[in-house]
Amino acid sequence: MTTKHRHQARTRKIKVQIRYFAELKQQAGVDQESQQCEQPLTAVELYAQLRERHGFRFGAQMLRVAINGAFAEWGTTLNDGDEVAFLPPFSGG
Amino acid sequence: MTTKHRHQARTRKIKVQIRYFAELKQQAGVDQESQQCEQPLTAVELYAQLRERHGFRFGAQMLRVAINGAFAEWGTTLNDGDEVAFLPPFSGG
Amino acid sequence: MFALSYEAIDANKWVAKLGPGLDSGALVCFEGRVRNHHQGKAVRSLDYEAHEALALDEGERIVKEAQQRFPVQAACVHRLGSLELGEVAVWVGVAGSHRDEAFSACRWIIDEIKARVPIWKREYYEQGEAVWQHP
Amino acid sequence: MFALSYEAIDANKWVAKLGPGLDSGALVCFEGRVRNHHQGKAVRSLDYEAHEALALDEGERIVKEAQQRFPVQAACVHRLGSLELGEVAVWVGVAGSHRDEAFSACRWIIDEIKARVPIWKREYYEQGEAVWQHP
Numbered sequence: 036m037t038t039k040h041r042h043q044a045r046t047r048k049i050k051v052q053i054r055y056f057a058e059l060k061q062q063a064g065v066d067q068e069s070q071q072c073e074q075p076l077t078a079v080e081l082y083a084q085l086r087e088r089h090g091f092r093f094g095a096q097m098l099r100v101a102i103n104g105a106f107a108e109w110g111t112t113l114n115d116g117d118e119v120a121f122l123p124p125f126s127g128g
Numbered sequence: 036m037t038t039k040h041r042h043q044a045r046t047r048k049i050k051v052q053i054r055y056f057a058e059l060k061q062q063a064g065v066d067q068e069s070q071q072c073e074q075p076l077t078a079v080e081l082y083a084q085l086r087e088r089h090g091f092r093f094g095a096q097m098l099r100v101a102i103n104g105a106f107a108e109w110g111t112t113l114n115d116g117d118e119v120a121f122l123p124p125f126s127g128g
Numbered sequence: 210m211f212a213l214s215y216e217a218i219d220a221n222k223w224v225a226k227l228g229p230g231l232d233s234g235a236l237v238c239f240e241g242r243v244r245n246h247h248q249g250k251a252v253r254s255l256d257y258e259a260h261e262a263l264a265l266d267e268g269e270r271i272v273k274e275a276q277q278r279f280p281v282q283a284a285c286v287h288r289l290g291s292l293e294l295g296e297v298a299v300w301v302g303v304a305g306s307h308r309d310e311a312f313s314a315c316r317w318i319i320d321e322i323k324a325r326v327p328i329w330k331r332e333y334y335e336q337g338e339a340v341w342q343h344p
Numbered sequence: 210m211f212a213l214s215y216e217a218i219d220a221n222k223w224v225a226k227l228g229p230g231l232d233s234g235a236l237v238c239f240e241g242r243v244r245n246h247h248q249g250k251a252v253r254s255l256d257y258e259a260h261e262a263l264a265l266d267e268g269e270r271i272v273k274e275a276q277q278r279f280p281v282q283a284a285c286v287h288r289l290g291s292l293e294l295g296e297v298a299v300w301v302g303v304a305g306s307h308r309d310e311a312f313s314a315c316r317w318i319i320d321e322i323k324a325r326v327p328i329w330k331r332e333y334y335e336q337g338e339a340v341w342q343h344p
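Protein chains in written order, with our numbering: chain A, 36 to 128; chain E, 36 to 128; chain F, 210 to 344; chain R, 210 to 344.
Chain A on its own, in the form it takes in the complex (with noise of 0.2 Å):
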């Protein structure tokens, strides 16, 4: 029991890839990074704590996230492997 809640409690290591674009791209000074986290984490968390790191003037409600090259939730969980793409507003055409 106590071994097993241990197990539970213990947070896991994993590595993301992070894609940034446009201003943000500009702000971080890097297109990419890769970043350990400690799971569990979702992608608006992530975004939180690089947004501190970076000072991203966009709060995540003004963004976009991409999992793995396909639109995603705020909330998705990351998983290890992840590549996380932020989106600021499009401006194509």
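Warning: the hint list may mix true and false statements.
Here are the in silico distance ranges between beta carbons for each label pair [unchecked claim]:
(1) R:Gly-249 <-> F:Ala-251: 54 to 64 Å
(2) F:Ala-339 <-> R:Gln-248: 52 to 62 Å
(3) A:Val-79 <-> R:Gln-248: 25 to 35 Å
(4) F:Lys-226 <-> R:Gly-290: 23 to 33 Å
(5) A:Arg-47 <-> R:Glu-335: 46 to 56 Å
(6) A:Arg-47 <-> F:Asp-309: 31 to 41 Å
(7) R:Lys-250 <-> A:Glu-68: 26 to 36 Å
For the record, the hints were derived by calculation from the structure and aren't laboratory data.
Cβ atoms here follow ideal geometry from the backbone N, Cα and C, with glycine treated the same way.
Since chain A is already given, all that's left is putting chains E, F and R on it; use the hints.
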């Protein structure tokens, strides 16, 4: 007085050039013809004569008329030398 | 700018004539093409004829009106004579700063051209008849 | 049919790819071009960048949706990289039997492309700044 009255009542001969388009041209068998008319004569009166002669299916209310290269009212009185074009419903574009 | 043409319409040439300026963010072009069917009948080819002097005047009036109603530059050319299937019968090009006015003006012009310009179409059907169209 | 291109967009080539069939009576094309001004500032040139894999997927979805909503064939191509003033940034072509659906679908596609496809524009101004656009 009698002379003047006779003069006013006397009709004058004018000659007009008539142009047909599309179905009217096909039914008339010619794309233009010239016609001696008695003045005063309006465009709609001229068309009534020509419709009877050629058996046009369109009533004047279906057509537009152009006199000397400009859209005109059906009630316009024709003058000697006028070019009168009868325009069936348009189907360009 | 409105023209009638007995030769095939070269859309590139007309875009160049329209000459979208560096302040034009939007170009909308419409091409009306000869279809192989009309009201259930198989069409083989078409003739267009016009009251040419009047068509040129009225077409030019329409393009100028469009340029007054909308902040755009516009041009239009209509084919005359004999056309094969797939050929361009009418071309309308509109350049403007923004897409709203370019779409609106292009649509307005083709609608007015069809309603107001003395041009007529004769359709030749597969069955061999030829019928002037008077909608 | 949706594509991204680092080379100049050749509208003729894209009309040919779209291949308006003999049942197409209407072709409507939209070109978005690099303007020399934006919100009062003189623009010198532009960069476009994309999340390319996602942009290709989403662009293709939009074109397919348009073809379901309207009885048309459609294609769209968006430029990436560095563009000069007057260059075509995006081209949309729509062929249909009638002009109503061709105009509607063309307008719908460009609106959706702008709203849904992860592409970003950086404007270089005459004054020397360069600003990513995030409307």
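Next on the checklist: Need the list of violated hint numbers for this structure, in ascending order.
Outcome noted: Hint 6 alone not satisfied by this model.
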